[in-house]
Amino acid sequence: MLFSGLLETGFERNPIARRPTVKRTIRCGAVLALALSGAAAAEEAWIPLFDGKDLSAWQDPAASKWKVVDGVLTWEKGCGNLWTKEKFGDFVLDLEVKVEKGSNSGLFLRSPEGEKNWLQGSIEIQVSGSYGPDRKPGKHEMGAMYDCLAPSIAAEKPLGEWNHFVVTFKGNLLTVVLNDKTIIDTNLDRWTEAGKNPDGTKNKFTTAYKDMAKVGHLGLQDHGQPVWYRNIKIRPLK
189 MLFSGLLETG FERNPIARRP TVKRTIRCGA VLALALSGAA AAEEAWIPLF DGKDLSAWQD
249 PAASKWKVVD GVLTWEKGCG NLWTKEKFGD FVLDLEVKVE KGSNSGLFLR SPEGEKNWLQ
309 GSIEIQVSGS YGPDRKPGKH EMGAMYDCLA PSIAAEKPLG EWNHFVVTFK GNLLTVVLND
369 KTIIDTNLDR WTEAGKNPDG TKNKFTTAYK DMAKVGHLGL QDHGQPVWYR NIKIRPLK
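Under our numbering, think of the first position of the sequence shown as 189, with each following residue one higher.
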């Protein structure tokens, strides 16, 4: 942690050497260097979930029909949902995804039992081929908090281009940035009733979003349509 306050440069008079020394300045400089190196290390603490080579960070990759093609995680018919081996609570998730017309997938967050009860047990960020000019996005389109909150703007790129997601989850605070534009910035504490959104519309969930699990697996959804992922990494937050 960096110290706060003024950093003084002082001199000490050495009666023997008859010239000033800078012991205090050197000591402060060492502390500052250590603090900066620690901060840099924290920024570098990314965990690769998919680096273009294999599925070693995911459950049962041998049984999955997801394929790695030219460094890209590629959907194939019947591949099934894909779940991380590890569970995560507070984190920053960074990835790229590409869709085509009719694509449908999703990013499952904090599913406590992975595949078991994912429909009701996880929070989903929608991935879909919903691109179109001058449209108002809905609760089931790219970047939406599925069935609960529409993106503030339509930020997806044209079909066939790579989209960059950064999802930050800390406690009940959720932020979704798509292609450098913040499209979701909300607090799950606003969802106080099961099956009901803050705006009064209905959702499919039997648990109020404020009470959803705080730790769980991450998942990529197979919804039966083509989708491509790459450069998936996560940084746990403390």
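No lab work stands behind these hints: they were computed from the structure. A hint or two may mislead.
To be verified - In silico DMTMM-like links for lysine to aspartate or glutamate, alpha-carbon gap of 25 Å or less: (1) Lys398 / Glu264; (2) Lys286 / Glu303; (3) Lys369 / Glu303; (4) Lys402 / Asp258; (5) Lys241 / Asp258; (6) Lys358 / Asp373; (7) Lys345 / Asp239; (8) Lys345 / Asp399; (9) Lys327 / Asp248; (10) Lys273 / Asp322; (11) Lys275 / Asp399; (12) Lys358 / Asp322; (13) Lys421 / Asp387; (14) Lys398 / Glu288; (15) Lys421 / Asp322; (16) Lys358 / Glu381; (17) Lys255 / Asp322; (18) Lys255 / Asp278; (19) Lys392 / Asp368; (20) Lys324 / Asp258; (21) Lys275 / Glu301; (22) Lys358 / Asp282; (23) Lys255 / Glu288; (24) Lys304 / Glu381; (25) Lys426 / Glu381; (26) Lys398 / Asp377; (27) Lys345 / Glu381; (28) Lys253 / Asp377; (29) Lys384 / Asp399; (30) Lys426 / Asp322; (31) Lys241 / Glu381.
Quick rundown of the hints versus the structure:
1. Lys398 / Glu264: Distance ~35 Å between lysine 398 and glutamate 264 Cα, so the pair is violated.
2. Lys286 / Glu303: holds (23 Å)
3. Lys369 / Glu303: violated (31 Å)
4. Lys402 / Asp258: With Cα atoms ~35 Å apart, lysine 402 and aspartate 258 exceed 25 Å; violated.
5. Lys241 / Asp258: holds (9 Å)
6. Lys358 / Asp373: holds (12 Å)
7. Lys345 / Asp239: At roughly 23 Å apart (the allowed maximum being 25 Å), aspartate 239 and lysine 345 satisfy the hint.
8. Lys345 / Asp399: Measuring from Cα to Cα gives roughly 33 Å; hence the hint is violated.
9. Lys327 / Asp248: Cα-Cα ~31 Å, so violated.
10. Lys273 / Asp322: Given that 25 Å is the threshold and the Cα spacing comes to 40 Å, the pair is violated.
11. Lys275 / Asp399: holds (18 Å)
12. Lys358 / Asp322: The hint is violated at about 32 Å.
13. Lys421 / Asp387: Violated - the C-alpha atoms of aspartate 387 and lysine 421 are around 33 Å apart, more than 25 Å.
14. Lys398 / Glu288: With Cα atoms ~33 Å apart, lysine 398 and glutamate 288 exceed 25 Å; violated.
15. Lys421 / Asp322: The hint is violated at about 32 Å.
16. Lys358 / Glu381: holds (21 Å)
17. Lys255 / Asp322: Given that 25 Å is the threshold and the Cα spacing comes to 35 Å, the pair is violated.
18. Lys255 / Asp278: Violated: lysine 255 and aspartate 278 sit about 29 Å apart, past 25 Å.
19. Lys392 / Asp368: Violated, at roughly 30 Å.
20. Lys324 / Asp258: violated (35 Å)
21. Lys275 / Glu301: Status holds; Cα separation ~9 Å.
22. Lys358 / Asp282: holds (15 Å)
23. Lys255 / Glu288: Judged against 25 Å, a Cα distance of about 18 Å means the pair holds.
24. Lys304 / Glu381: holds (23 Å)
25. Lys426 / Glu381: violated (28 Å)
26. Lys398 / Asp377: holds (5 Å)
27. Lys345 / Glu381: violated (34 Å)
28. Lys253 / Asp377: Outside the cut-off at roughly 37 Å; violated.
29. Lys384 / Asp399: holds (13 Å)
30. Lys426 / Asp322: Cα-Cα ~40 Å, so violated.
31. Lys241 / Glu381: violated (43 Å)
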